[in-house]
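Chains X and H supply the protein sequences, listed in that same order. Residues 1 to 133, numbered by the working numbering, are exactly what the first sequence covers, in order. Residues 1001 to 1282, numbered by the working numbering, are exactly what the second sequence covers, in order.
Derived from the structure by calculation, the hints contain no laboratory data. Some hints could be false.
[Unchecked claim] Computed cross-link-like contacts, DSBU-like style, restricted to lysine-lysine with a CA-CA straight-line distance of at most 35 Å:
| # | chain 1 | residue 1 | chain 2 | residue 2 |
| --- | --- | --- | --- | --- |
| 1 | H | Lys1151 | H | Lys1116 |
| 2 | X | Lys43 | H | Lys1151 |
| 3 | H | Lys1109 | H | Lys1245 |
| 4 | X | Lys63 | H | Lys1116 |
| 5 | X | Lys43 | H | Lys1116 |
| 6 | X | Lys99 | X | Lys39 |
| 7 | H | Lys1151 | X | Lys39 |
| 8 | X | Lys39 | H | Lys1092 |
| 9 | X | Lys43 | H | Lys1109 |
| 10 | H | Lys1151 | X | Lys99 |
| 11 | X | Lys63 | X | Lys99 |
| 12 | H | Lys1092 | X | Lys99 |
| 13 | X | Lys63 | H | Lys1151 |
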Amino acid sequence: MADHSTHAATKVAPAAGHGGHSGHAGHGGHGHGHHDVAKEVRKYLLVFGALMVGTILTVWASKIHFGSHSMNVVVALVIAIVKAALVAGFFMHLIDERKLIYGVLGATVFFFIGLMYVTLWSMDPGSFIHLKR
Amino acid sequence: MDIPYTTHAREDTGLYNAKVGIWLFLASEVMLFGALFSAYILLRVGAQPGTWPIHLLSVPLGTVNTLVLILSSVTVVMAWASLKVNRFDRFKIFQTITVLCALTFMGIKTYEYRDKFTHYAVTLLDGTVVDGHLVERTANSITLSHPKEIKPGAPVNAPAGGHGAPAATEGGHAAADGDHGHAADRTIQFSEVAKHESTGRLLIQNYGPYHNNYMAIYFTLTGLHALHVVGGALVIGFLLGPGSKMWFSDPERFTNRIEVSGLFWHFVDLVWIFLFPVLYLL
C-alpha cells in the first residue's frame, strides 16, 4: 500500500499490472486497457449472480425453523452481512482502496459497534443505568 | 477559481477530493441508519412477548424490490466501467436502466404504503377488533373487505393483510366461511364501535406509523431509505441528462462524478439489504 502514495505524488498513471486498480489516481479516465475493464465487468456480473442467490436464500431460510427465533435472526444477518460485503468490496471497490478510506471506515465500524453495544447493554436489566429498588 | 483535485489525486490522500468527501458522508450515513436500527432493536427486544407483529408485509413485493435495487447497483457500476472504456453510449443505456429501477422501486414502495394506509383495525364495543381493508367509509359506517376478528386477549401477532400469513385468528368467526380471507365485506355501524377513553374518538385506525411500534419504525426506516432512493435517482438522472455535457469537456472529472454518485447508490442498496430481512422476514 505504501507505494501507492508515491505513485500518486509523482502523478504517474495508475499501475497497469493487475486488474484491481480502477483509476483511483491521476489519469484514471482513459489510461486503462480494455482487458482490465473486461475482467472487472466479469467480476461485477459474478457478484450480481451471488447477490441474487443470496436474496433467494434469505427468503428461503426465513421459512425454515432453525431451532429458535434467535437462530433465524443469526442466519438472516449472516446472509445480509455477506451480501453487504460483496457490494462494499466489489461495487464500491473496497477490496482495493487507499489507506485513508480504510481509516475512515475503521472509525465508522468502531462507533457503529459501540452504538450497538450500548444499545444491548442498556437493555440488560443488570446494568447500572437501571435504578435498583 | 477551479475546485482543486477533481481528477488528480491529492498528494497526501492519494485520492481525488470528491471520493474522500463521499466516504466521509457515507460514514455519517452509517451512523444515521445505525441509530434507527438501534431504535428498532430497543423496540423489538423491549416488546412484550408475542406482541411484535410479524409477516405484516408482503414478502414477494419486498423480494422483488430487493432484486430491483441489486440490479440497479450493477447497472451503476457497469455505467462507470463503460466510461472507463470510452463507451458513452453504453453508459447512457446502463444509467437509464438504473433510473427505471429506482422508479420501479418507488412504485412498489408507494403501493405498499398505500396498502398500509387502507388497512384498518376497528375496535368494537366488546373489545373485539375487526381487521380488514377499507372499501368505503360513510358518515356513520365503515366497510372492510376480508374482515378478520381478533377477540380480546388473543395474540396481537395476527396478520390480516398479505397472503399466506400464518393465521392466528382462525379460532374466530372468520373460519365460518371455510376459505381464508374470502369472507364477505363487513359493514360496521359507528354505533357498534368503541370510543377512546379520554379523547372520545372512535377506535378506527389504519396501519399508519401511529398504529404500533412496528409500523412506526417501519415507516421511519423505509421512509428515510426511500428519501435516499429519490435523492440518488435525482443525482443519477441529472448526470444522465443535462449533467452529461461534462463528458465532452472534462471526461475524467465526469467519470469521477459517476463513481461518486455510484458509491452513494451502492450504499442505498446496502441499507436495503439489511432492511429487507429485518422488516419483512424476521
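Evaluation of the provided hints:
1. Proposed proximity of H/Lys1151 and H/Lys1116 is supported: the alpha carbons are some 22 Å apart, at most 35 Å.
2. With a C-alpha separation of about 55 Å, the suggested pair X/Lys43 and H/Lys1151 falls outside the 35 Å cut-off, and the hint is violated.
3. Between the alpha carbons of H/Lys1109 and H/Lys1245 the distance comes to roughly 32 Å, so the proposed pair stays at or under 35 Å and holds.
4. Simply put, X/Lys63 and H/Lys1116 have alpha-carbon atoms about 23 Å apart, close enough for the 35 Å limit, and the pair holds.
5. Under the criterion of a C-alpha separation no larger than 35 Å, the hint pairing X/Lys43 with H/Lys1116 is inconsistent with the structure, at around 40 Å.
6. This hinted pair checks out: X/Lys99 and X/Lys39 have alpha carbons roughly 24 Å apart, not beyond 35 Å.
7. This hinted pair does not check out: H/Lys1151 and X/Lys39 have alpha carbons roughly 61 Å apart, beyond 35 Å.
8. A distance of roughly 21 Å separates the Cα atoms of X/Lys39 and H/Lys1092; the hinted pair therefore holds under the 35 Å criterion.
9. For the given pair, X/Lys43 sits about 30 Å from H/Lys1109 by alpha-carbon distance, which is consistent with the 35 Å threshold.
10. Between H/Lys1151 and X/Lys99 the alpha-carbon distance is near 60 Å, which puts this suggested pair outside the 35 Å criterion.
11. For the hint pairing X/Lys63 with X/Lys99, the CA-to-CA distance comes to about 42 Å; that exceeds 35 Å, so the pair is violated.
12. Pair hint H/Lys1092 plus X/Lys99 holds up; C-alpha atoms about 32 Å apart against a cutoff of 35 Å.
13. Between X/Lys63 and H/Lys1151 the CA atoms are separated by roughly 27 Å; this keeps the pair inside 35 Å, and the hint holds.
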